[in-house]
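Participant: Protein chains in written order, with this note's numbering: chain A, -12 to 298; chain B, 5 to 406; chain C, -12 to 285.
Mixed in with the good hints there might be a few duds.
Okay, the calculated bits of chain C under chain A, using three or more residues with CB under 8 Å as the criterion [stated by the list, open to error]: (1) 80 to 88; (2) 91 to 103; (3) 218 to 225; (4) 272 to 281.
Derived from the structure by calculation, the hints contain no laboratory data.
Think of the CB as a built atom: it goes at the ideal place given N, C-alpha and C, for glycine as much as any other residue.
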Amino acid sequence: MRRSAAPLLLLLLLAALLALPQVLPRFHTYVAAIVLLTALLATSLNLAIGYTGLYQFGHAVFYGVGAYGTALMLTRSGMPPPVAFLVGPLAAAALSLVMGLICIRLSKLYFGMLQISLGSLVWAVVYRWYSFTGGDDGIHGIPLPDAIASPKGSYYFTLTVTAVCAFAMYRIVRSPFGKVIQGIRDNPVRAAAIGVDVRLHQLASLVIAGFFGGVAGSLFVVVESSVFPDMMFWTFSLEVLIMCLLGGMYTFFGPLVGASVIVLLRVFASVHTQYWGLILGTILTLVIIFLPDGVLGVFARRSLPKEDPGA
Amino acid sequence: MRKAVSFLAVVLSTFCMAGSGVAGETIKVGFVDTYTGPATTFTNDVLDGFKMAAEKINAKGGVLGRKITWVTRDDKFKPDIGLTMAKELILKEDVDLLVGTINSATALAISDLCRKEKIPFLVTFSKSDKITGEKGHRYVFGMNENTEMVGRATAKALAKRKFVKYWIAGDDYEYGHAIANGVFDHLKTLNPKVQLLGQSWWKVGETDFTPYITQILAAKPDFVIVATGGGGMVNFQKAAQSTGFNKKVPFYQHTAIELSTLMPQGQNAPEGVYGTANYLFYYPDTKENKAFVEEFRKAYNRYPKSGALYGYMTAEFIAKSFEKAGKIDREKFIDAMEGMTLPSPVGTMEMRACDHQVTLPMFFGVTKKSTQYDFLVAGDVVSVPGKEYMPSCAEIAKARAK
Amino acid sequence: MDFAANLISTGTLSQILVGLSRTTILFIVSSGMSLILGVLRIPNVAHGSLYMIGAFAAWTVIQFLGGGLFAFLAAMIVAPLIVAAVGFVLERGFFSYLYEREHLMLLLLTFSFALILGDLVKIVWGPEYRSVTVPAFFQGSAEIFGLPLPWYNFFLLLIGPCIAVFLWLVINKTKLGKIARAAAVDGEMVGAVGINVGRIFAFTFVLGSFLAGLGGALIAPMVNISLGMDHSLIIETFLIVIIGGLGNMWGALLGSLIFGLTQSLGILVWPQFGIAFPYLAVVAVLVVRPRGILSSTW
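Here chain A stands alone, though its shape is the one from the complex:
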């Protein structure tokens, strides 16, 4: 009975999300779009960190590269918009491959620290390359096709893309490939012993994560019609990591929950307080100490101890 309830609830949720702009004021629709694309970003990170066990500490870079790729194509190339929306994520995937090739040889934490450092280099290049990326001022007033430029249009576009990408990632996780990367995460030595090419699978997973991170970046362009180097600063990478951790790293929907909570909290906190760092830091400390499996991790463990493969 539980098994049949879940898809039904998901459908209900989807229906609610579809109806949202009709009942909610514009500001809430806009925030909902930000929540959705951030959720996609966090879910893509979880592919690398939760399912493959790679310490992806520089994920915001792929988000930023996806956004910049799309923004630059839209403002400078004169190519049709669909091309721009493909180029962004593909650029992110390509960068992910290059950084992956450099870092993949190293052990866990070494991998993470090198990635965060290389990510900072990419950030520095974007921050300083005025003639191409607009430097620290960023790019603004990015022209969008009329259909997705309106607040509702951008929301529905974000919702559609996020839903499609989430479904795709869900299928990837449940596919034989997904089982293999989880096997590598749990025991790389055993995986190698039974003939799995560990590096290749890890790299593939990194590229996929980078690609979907890039898609989230492209969606940011749709919602904000602006990009800035801040999007790929290392602190944001860690914030996305917090979203995964908060929601539950070993569950598929955990990062989605984490992203919703963090984004809404941030909007709320910015209105009411100047001490966001203190709030986020305290929440994170409490979660690490008391809820290391994340919010959903607790639910998943209690209600469905056997079904969830990662728990």
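Starting from the known structure of chain A, fit chains B and C onto it as the hints suggest.
Facilitator: Chains B and C alone, transformed into the frame defined by chain A:
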């Protein structure tokens, strides 16, 4: 899984319950600015200057019978949060106008948003010349100087001096390059004899300038244009003081003579540094300026900095423009703003109709010790009137057509 | 521009000296990071915050004592001690319960401390810029082939080797240090022979924090003490310990030397792009030795 989804539903519904603001019988001004981190040194003055003027106006009965009210939002120096907060103020708080921010990227992003939403946006600290230049439009107003104006004013002052061999150095970001190139390019057109020996750029937040200073000294330039911003101002001056750089080569920094740069260093700031600023609390020594300083000190127990002037005049412009418009209407407000001239503590200010950039004087001076204060002040101050250094309306039109 | 001629000029010596004094600060901060990494296996993102607190605390101490050489020297000792105390609280209060957790959790915990400490600094010291004056004793500069080198940089040149020797003594000659070194290689083994590992961990974390605070106190007279000074430092420190070899103290020294010298000599060669040189050096090192120059404990 089931609980997971129901959790999502709960999150979603709590978020839907948040109410929305209602427009009252006031003029509601929304501030989006950085109120966390080092930039607060500058932004607090803008807000306090604004409050001081607005409270005075309200005490006299307000504008068209309405009080000026304000709400502030902290963007944490992050453009994405700034954008979200701007949208919140426009869509939820229903503000009449937006004011802010110190971060140029945020200002440009909000400016684009305001163009679409048709909300007037008065920029109060960002220095990018794109705001009212290349990217200017009907709904954005520049309430302070920008890099282009600094470049022209400084070039004008420097062209009179005998320096020939120049060196450029600065923080490696948009502002640094814009200031340095602005000064040097205009200098070159005013005095074709000047030459550029070389450039050094360091990362924003650099802590040790000694290697750069020794390199510059080895090249023996006549004059150095140092384009630092924010915390870099003090960092570089400290390095100049400890290496004796200022005694070997004269150098210039925009805002070098400003209180925000000189006060933290006390008596140990370097002497003989050339600088520009929009506001000095001790110059010009006029009745208007003294009254302004007095009032500000009484209210906040400190000397006003440039930001205080920007904030104060922003409130004045808002009040007078709505009065002139005769009703609370954003389009009428913009029409009234265009060409408006107002007296200010530093002389008459005009809101140019062609580019929505305020004209204000620039003060050029050299740091020196003072007997009156326990920090350095500007000496030999020259005032360059706004009209003499602003880019012409034709030039703005050309930049916008690009 | 003739790059080779630039490199062999009268400026070279002074640039090397400047580079070395820069190395001192980098080494002090990154050796602290490296110690904690090596023994506790925590990549401490809050290390930058501890450095920032060191600078602010130095300011407070100097204000309190009214300035002068004595106040300055006292600040150089008291400020790092304050930071060490913060480190002690963090280690005993939080980390000591969580060593069993994944590195990832520990890293995120340090990040949460970085966030909290950043705001606490704002609450305690306010958002205004703070500035510490170099004491009269160190003011002014020496001339080397006509180029100035501040006396304060000479002071740093002296401090650097002192710290290196001090650390060498602590690690190689004291019992605690020896055990810490053993724990870095094999923590379980140390525990198995009946040594109280918790004490070693606390000692290491406090020493590492002390070094971060010392770095902050030493940099204080050269800079504008402000919020956010932690952010740019932390990535540099990461890079230094990576190219040196994670958890290897002498690797941190080598990494700092590479970083400090390539920057100051890079400025000599090509002033416009001087900043790029340390990063190019990092890439070059990692291409040749992906696990850093010296052996890593990881």
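Participant: State for each hint whether it applies.
Facilitator: Results of checking the hints against the structure:
1. Using a Cβ-Cβ cut-off of 8 Å, 4 residues of the segment 80 to 88 of chain C lie near chain A, which meets the minimum of three, so the contact claim holds.
2. By the rule of at least three residues with a Cβ nearer than 8 Å to a Cβ of chain A, the coverage given for the segment 91 to 103 of chain C holds, with 11 such residues.
3. Counting residues of the segment 218 to 225 of chain C whose C-beta lies closer than 8 Å to any C-beta of chain A gives 3; at least three are required, and the coverage claim holds.
4. A count of 3 residues in the segment 272 to 281 of chain C with a Cβ less than 8 Å from any Cβ of chain A is obtained; the coverage claim is therefore met, three being the minimum.
In terms of the numbered hints stated before, the structure departs from none.
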